[in-house]
Amino acid sequence: MTYPRKHLLAIEGLEPPHLADLLDLAESYALLNRSGKTQRDLLKGRTLINLFFEDSTRTRTSFELAGKRLGADVINMSVSTSSVNKGETLLDTASTLNAMHCDLLVVRHGQSGAPSLLSQKVDAAVINAGDGTHEHPTQALLDALTIRRHKGRLEGLVVAICGDIAHSRVARSNMHLLTTMGSRVRVVGPPTLIPAESARLGVEVFHDMKAGLAGADVVMMLRLQRERMSGGMVPSAREFFRFYGLDAEKLAHAKPDSIVMHPGPMNRGVEIDSAIADHLTRSVIGEQVEMGVACRMAVLDMLSRQLPRNR
Amino acid sequence: MADTLITKARLLDPASGLDAPGALLIRDGLIADCGAGLTAPEGATVVDAAGSCLAPGLIDLRANLGEPGAEHRETIASAAQAAAAGGITTICVLPDTDPALDDPALISFIARRGEATGSVTLLPYGAATAGCAGKELAEYGLLREAGAIAFTDGVRAIASARTMRLALSYARAFGAFIVQHPEEPSLAAGGAATEGELATRLGLPGITPAAEAMLVARDIALARITGGHVHFAHVSTAAALDLIRAAKAEGLAVTCDTAPPYFDLNETAIGDYRTYAKLSPPLRTEMDRQAVVAALVDGTIDAIASDHQPRDADDKRLPFAQAEAGGAGLATLLGVTLARVHAGDVPMLTALGLLTARPATLLDLPQGRLVKGAPADLVLFHPDRGWKVEAGKLPGKAQNSPFDGRALEGRVLGTWKAGRRVFGG
Numbered sequence: 001m002t003y004p005r006k007h008l009l010a011i012e013g014l015e016p017p018h019l020a021d022l023l024d025l026a027e028s029y030a031l032l033n034r035s036g037k038t039q040r041d042l043l044k045g046r047t048l049i050n051l052f053f054e055d056s057t058r059t060r061t062s063f064e065l066a067g068k069r070l071g072a073d074v075i076n077m078s079v080s081t082s083s084v085n086k087g088e089t090l091l092d093t094a095s096t097l098n099a100m101h102c103d104l105l106v107v108r109h110g111q112s113g114a115p116s117l118l119s120q121k122v123d124a125a126v127i128n129a130g131d132g133t134h135e136h137p138t139q140a141l142l143d144a145l146t147i148r149r150h151k152g153r154l155e156g157l158v159v160a161i162c163g164d165i166a167h168s169r170v171a172r173s174n175m176h177l178l179t180t181m182g183s184r185v186r187v188v189g190p191p192t193l194i195p196a197e198s199a200r201l202g203v204e205v206f207h208d209m210k211a212g213l214a215g216a217d218v219v220m221m222l223r224l225q226r227e228r229m230s231g232g233m234v235p236s237a238r239e240f241f242r243f244y245g246l247d248a249e250k251l252a253h254a255k256p257d258s259i260v261m262h263p264g265p266m267n268r269g270v271e272i273d274s275a276i277a278d279h280l281t282r283s284v285i286g287e288q289v290e291m292g293v294a295c296r297m298a299v300l301d302m303l304s305r306q307l308p309r310n311r
Numbered sequence: 312m313a314d315t316l317i318t319k320a321r322l323l324d325p326a327s328g329l330d331a332p333g334a335l336l337i338r339d340g341l342i343a344d345c346g347a348g349l350t351a352p353e354g355a356t357v358v359d360a361a362g363s364c365l366a367p368g369l370i371d372l373r374a375n376l377g378e379p380g381a382e383h384r385e386t387i388a389s390a391a392q393a394a395a396a397g398g399i400t401t402i403c404v405l406p407d408t409d410p411a412l413d414d415p416a417l418i419s420f421i422a423r424r425g426e427a428t429g430s431v432t433l434l435p436y437g438a439a440t441a442g443c444a445g446k447e448l449a450e451y452g453l454l455r456e457a458g459a460i461a462f463t464d465g466v467r468a469i470a471s472a473r474t475m476r477l478a479l480s481y482a483r484a485f486g487a488f489i490v491q492h493p494e495e496p497s498l499a500a501g502g503a504a505t506e507g508e509l510a511t512r513l514g515l516p517g518i519t520p521a522a523e524a525m526l527v528a529r530d531i532a533l534a535r536i537t538g539g540h541v542h543f544a545h546v547s548t549a550a551a552l553d554l555i556r557a558a559k560a561e562g563l564a565v566t567c568d569t570a571p572p573y574f575d576l577n578e579t580a581i582g583d584y585r586t587y588a589k590l591s592p593p594l595r596t597e598m599d600r601q602a603v604v605a606a607l608v609d610g611t612i613d614a615i616a617s618d619h620q621p622r623d624a625d626d627k628r629l630p631f632a633q634a635e636a637g638g639a640g641l642a643t644l645l646g647v648t649l650a651r652v653h654a655g656d657v658p659m660l661t662a663l664g665l666l667t668a669r670p671a672t673l674l675d676l677p678q679g680r681l682v683k684g685a686p687a688d689l690v691l692f693h694p695d696r697g698w699k700v701e702a703g704k705l706p707g708k709a710q711n712s713p714f715d716g717r718a719l720e721g722r723v724l725g726t727w728k729a730g731r732r733v734f735g736g
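Quick mapping for you: the protein sequence lines, in order, are chains A and B.
Each residue of the first sequence is one higher than the one before, counting from 1 in my numbering.
Each residue of the second sequence is one higher than the one before, counting from 312 in my numbering.
Be careful, since some hints might not be right.
[Said to hold, decoys possible] Far from chain A, some chain B residues (derived; all Cβ distances over 10 Å):
#1 340
#2 510
#3 516
#4 537
#5 583
#6 632
#7 695
[Said to hold, decoys possible] So the derived label-pair ranges between C-beta atoms look like this:
#8 B:697 - A:289: 34 to 44 Å
#9 B:444 - A:95: 51 to 61 Å
#10 B:470 - A:242: 32 to 42 Å
#11 B:550 - A:191: 14 to 24 Å
#12 B:557 - A:197: 23 to 33 Å
#13 A:210 - B:446: 19 to 29 Å
#14 B:585 - A:289: 43 to 53 Å
#15 B:361 - A:79: 52 to 62 Å
#16 A:242 - B:557: 53 to 63 Å
#17 A:31 - B:496: 35 to 45 Å
#18 B:601 - A:149: 30 to 40 Å
#19 B:601 - A:121: 50 to 60 Å
It should be emphasised that the hints constitute simulated quantities derived from the structure, not laboratory data.
Given the structure is predicted, the values throughout are model-derived calculations rather than measurements.
Ideal placement from N, C-alpha and C gives every residue a C-beta, glycine not left out.
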């Protein structure tokens with residue numbers, strides 16, 4: 001099994017064999033987790049630091065659980081954005097982390113490229129847990145694993161990513177991963193929320209949701225950030241829900257066996273109808289969370305193989 | 312001061328089209344003679360150029376020198392070192408300092424600080440609006456008397472069409488032009504890179520390149536109704552250059568400059584969030600870069616300016632969107648311009664003209680020419696000698712070069728200011 005880098009900063013640039021290896025490994029961890037067994041010797045003696053400059057319960061907990069299941073010493077550092085909005089402190093943090101002999105550093109930051117900047121200054125292997133509007137690589141891995149478990153493959157599937165594409169790191173990582181693995185990716189949303197030159201990333205752009213969902217195997221909804229409405233990119237929540245919210249009527253245009261995904265946390269009644277979010281057979285939102293832990297275990301495992309044995 | 316004779320030089324004078332072997336005689340700070348067959352007068356210092364190029368000292372149409380208010384980034388003394396090493400003998404100094412150059416006393420302060428360096432003439436711009444805040448016009452008449460060459464708010468666009476109209480109109484009374492940072496501010500707000508595929512991939516807030524053409528179009532319309540002279544700084548897009556080309560053909564008083572990053576680099580230089588390549592305006596697509604090169608050749612662009620914007624490590628070692636825009640440009644102005652000559656894109660005299668005679672004409676200056684009686688502001692350079700741009704090792708204080716790591720051909724061997732050698736030798 002191969003992974004070509006020291007860090008996991010982005011999905012962009014990874015090739016199909018690297019992604020397939022990560023997904024296979026994650027699949028095996030998913031089975032292990034369900035069996036109730038653990039593998040606590042793998043990262044024994046390793047220190048994993050969760051460095052979160054933005055609030056996140058879900059992702060931080062998922063990495064924490066993944067690290068603990070593999071036996072790492074896990075430390076959570078939440079840095080409030082009010083005291084740190086200057087990157088000099090970001091680099092000060094880097095030297096602090098070096099002094100702590102951290103092995104694996106999980107970073108979430110509100111600025112695109114912040115984990116990349118940190119990776120140039122810290123000794124640890126850096127995992128991007130979401131940076132600005134750039135990427136969220138482990139989210140794309142867990143989404144792909146969830147899809148693969150339901151559809152048996154990624155190649156040839158029609159995946160519609162819907163909503164606020166412009167401000168979504170989840171959308172970017174998913175666009176890179178799924179197009180690399182041969183899926184047919186569509187992005188669906190109002191033109192104000194579609195980033196410039198999206199088609200150059202190998203996806204099809206739709207502004208009409210019913211057309212965008214037609215024949216889709218997977219419907220991936222994104223969270224609409226409330227502040228986008230104050231920024232004037234969407235006039236109101238009710239208008240957004242009417243045209244781009246996922247309800248039964250719009251979902252009827254996708255394939256009958258299509259699955260519905262959401263990275264959470266959801267705005268029920270804004271981008272997704274509660275009846276769809278909680279649908280027993282179509283919604284796989286709960287499983288995404290489960291696969292999140294497995295994928296993060298796989299990433300920690302893969303990156304730890306390249307760490308120096310002894311400090 | 313003894314006479315100096317620079318012999319065995321390749322004389323390059325863009326104003327007259329001269330490109331020939333010869334010598335140049337300096338006497339009392341002026342060019343006493345130049346051409347073939349000169350012999351050294353009794354007691355003269357003789358400098359053997361050994362075939363290197365001798366040209367007028369460069370006139371940099373646009374630079375921020377850190378003073379007053381940002382001396383931690385650059386000072387006039389440190390900028391003067393960088394200028395001398397870069398062959399620059401005249402710098403037009405931007406007024407968006409702290410405080411802004413909106414008072415006659417500050418204008419004469421900058422000019423005096425230039426004289427004190429002994430190596431570079433500083434020609435200050437006056438603020439176009441009080442405090443460069445974009446509201447009330449500054450005192451153009453008083454500032455002009457104190458020595459302001461033209462008026463601008465520096466890196467801040469004059470946003471209000473009404474204010475710009477008044478500025479263009481009022482400046483006519485004092486024979487001055489208005490320099491605009493051509494970027495529609497509401498479209499540029501918060502942006503960090505040129506909108507497009509790369510910014511989308513990097514997840515960076517984009518600025519549409521149309522923001523430039525839009526303000527250029529507006530200000531050309533204002534120049535038309537006022538009869539004023541508008542000068543667009545660091546023009547970087549094909550669309551804006553097309554508008555300027557058409558305005559010139561129409562006979563309007565419209566001029567412009569660009570800066571080396573816009574004809575030497577494209578947006579891919581920001582690569583993996585390289586903040587040293589974060590500039591304002593942002594680096595553009597390769598198509599726009601090529602359009603800038605074409606406009607250097609066809610005369611649409613009137614000058615190449617360094618657009619020197621000193622920044623320190625604290626300004627740049629930040630996540631990309633939070634890092635400050637701006638690049639150091641004094642030391643690399645000649646070398647990066649010569650790269651286009653070496654590439655065969657721009658003829659040597661055309662390139663040098665954009666750094667000497669053409670800005671001199673724009674500002675009605677006596678320097679910038681190899682002609683008897685002109686100030687002996689000179690640069691001697693070897694066109695092919697290589698060097699590597701290394702941030703941290705550049706002359707002057709500001710090290711934030713977007714060209715860090717770039718190999719250049721064209722090395723300054725000597726710089727003379729009013730006949731005195733201020734670099735090399």
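Hint check:
1. In this structure residue 340 of chain B is separated from chain A by more than 10 Å, as the shortest Cβ-Cβ distance comes to about 47 Å.
2. Consistency note on residue 510 of chain B: stated as away from chain A, yet its beta-carbon is not over 10 Å from all of that chain's, at 7 Å minimum.
3. With 10 Å as the threshold on Cβ separation, the claim that residue 516 of chain B sits away from chain A is violated: the shortest Cβ distance comes to roughly 8 Å.
4. Even its closest Cβ contact with chain A, about 33 Å, leaves residue 537 of chain B beyond 10 Å, as expected for a residue assigned away from the interface.
5. With a minimum CB-CB distance of about 6 Å to chain A, residue 583 of chain B fails to clear the 10 Å threshold, and the non-interface call is violated.
6. With 10 Å as the threshold on Cβ separation, the claim that residue 632 of chain B sits away from chain A is violated: the shortest Cβ distance comes to roughly 6 Å.
7. Interface exclusion of residue 695 of chain B from chain A stands, the closest Cβ pair being 35 Å apart, more than 10 Å.
8. Checked against the hint of 34 to 44 Å, the C-beta distance between residue 697 of chain B and residue 289 of chain A comes to roughly 58 Å, which is inconsistent with it.
9. Look at residue 444 of chain B against residue 95 of chain A: about 39 Å separates their beta carbons, and that is not inside 51 to 61 Å.
10. In this structure the supplied range 32 to 42 Å holds for residue 470 of chain B paired with residue 242 of chain A, their Cβ-Cβ distance being about 36 Å.
11. About 21 Å separates the C-beta atoms of residue 550 of chain B and residue 191 of chain A, a value consistent with the hinted range of 14 to 24 Å.
12. One distance hint, 23 to 33 Å for the beta-carbon pair residue 557 of chain B and residue 197 of chain A, holds here, with the actual separation near 28 Å.
13. Between residue 210 of chain A and residue 446 of chain B the Cβ separation comes to about 50 Å, which falls outside the hinted range of 19 to 29 Å.
14. The hinted window of 43 to 53 Å between residue 585 of chain B and residue 289 of chain A is violated, with their beta carbons roughly 36 Å apart.
15. Taking the beta carbon of each, residue 361 of chain B and residue 79 of chain A are about 60 Å apart, inside 52 to 62 Å as hinted.
16. For the pair residue 242 of chain A and residue 557 of chain B, the supplied restraint of 53 to 63 Å is violated, since their beta-carbon distance comes to about 45 Å.
17. Taken as a hint, the range 35 to 45 Å is violated for the pair residue 31 of chain A and residue 496 of chain B, whose Cβ atoms sit roughly 56 Å apart.
18. Between residue 601 of chain B and residue 149 of chain A the Cβ separation comes to about 49 Å, which falls outside the hinted range of 30 to 40 Å.
19. Distance hint check: the CB atoms of residue 601 of chain B and residue 121 of chain A are about 37 Å apart, inconsistent with the given range 50 to 60 Å.
Comparing the model with each earlier hint shows violations of hints 2, 3, 5, 6, 8, 9, 13, 14, 16, 17, 18 and 19; every other hint is respected.
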